[in-house]
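Undergrad: The residues making up each chain are set out below.
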Amino acid sequence: AQSVTQLDSQVPVFEEAPVELRCNYSSSVSVYLFWYVQYPNQGLQLLLKYLSGSTLVKGINGFEAEFNKSQTSFHLRKPSVHISDTAEYFCAVTYNTNAGKSTFGDGTTLTVKP
Amino acid sequence: DTGVSQDPRHKITKRGQNVTFRCDPISEHNRLYWYRQTLGQGPEFLTYFQNEAQLEKSRLLSDRFSAERPKGSFSTLEIQRTEQGDSAMYLCASSLGVGAKEPQHFGDGTRLSIL
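Listed in order, the protein sequences are those of chains A and B. Counting from 12, one number per residue, gives the positions in the first sequence under my numbering. Counting from 79, one number per residue, gives the positions in the second sequence under my numbering.
Treat each hint with caution, since some may be false.
[Stated by the list, open to error] Calculated pairs, EDC-like style, for lysine to aspartate or glutamate (alpha carbon to alpha carbon, straight line, at most 20 Å):
id, chain 1, residue 1, chain 2, residue 2
1, A, 69, B, 180
2, A, 60, B, 141
3, B, 179, A, 26
4, B, 179, A, 75
Just so you know, the hints here were simulated from the structure itself, not pulled from any lab data.
Throw the hints in and build the complete structure from the sequences for me.
TA: As structure tokens, this is what we get:
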């Protein structure tokens with residue numbers, strides 16, 4: 012079965028500190044990987060995506076992620092967080108065989124403290 | 079790009095009632111998805127359309143649920159005889175293309191509360 016595991020349900024961090032949100036996925040076929048952010052009472056917004064090519068991808072708001080095929084991971088990082096980064100973050104995988112349907116992790120709540 | 083629009087934003091109803099939600103995708107997007115999100119979990123796939131054709135339905139979509147996308151534009155999701163377990167956020171997303179690479183654009187969801 013296809014699955015996505017976000018290893019930390021909650022990540023508290025102080026403002027201007029670096030952060031890493033971890034994501035692992037199960038895979039037996041080609042995958043496309045996404046990170047989304049969700050603010051309270053809103054839908055999901057795309058942060059970044061990995062389709063192919065360079066394993067380090069950059070997204071909006073200073074976020075980046077690294078695709079590691081051997082470890083089936085796609086961890087999200089930011090070198091210096093802001094209060095406004097407080098939100099829920101979801102890792103998602105779309106398998107090349109299933110025409111766009113995404114499987115999501117259960118999310119990581121990032122709380123940035125002053 | 080006016081974004082994906084969902085209506086209503088909130089729906090409170092009594093158990094056993096029928097409810098219908100509407101989703102208006104980004105106008106040129108040919109694919110439309112419905113997801114359900116419960117507290118503390120990520121979105122779970124329910125169904126998707128390519129143009130007006132409903133191509134896949136999750137096992138989560140019991141026979142009380144039905145979705146339509148007439149003319150390949152807006153979509154409706156109806157839940158009949160609602161149950162407590164139907165309380166959730168229902169998210170609609172759309173994308174352009176026929177492959178698996180395209181990211182999905184999400185609406186702000188409809189939050190359903192069953193009394």
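Undergrad: With reference to the structure, classify each hint as holding or not holding.
TA: Hints, verified against the model:
1. A/69 to B/180: Satisfied, since the Cα-Cα distance of roughly 17 Å is no more than 20 Å.
2. A/60 to B/141: With Cα atoms ~35 Å apart, residue 60 of chain A and residue 141 of chain B exceed 20 Å; violated.
3. B/179 to A/26: At roughly 34 Å apart (the allowed maximum being 20 Å), residue 26 of chain A and residue 179 of chain B break the hint.
4. B/179 to A/75: Status holds; Cα separation ~18 Å.
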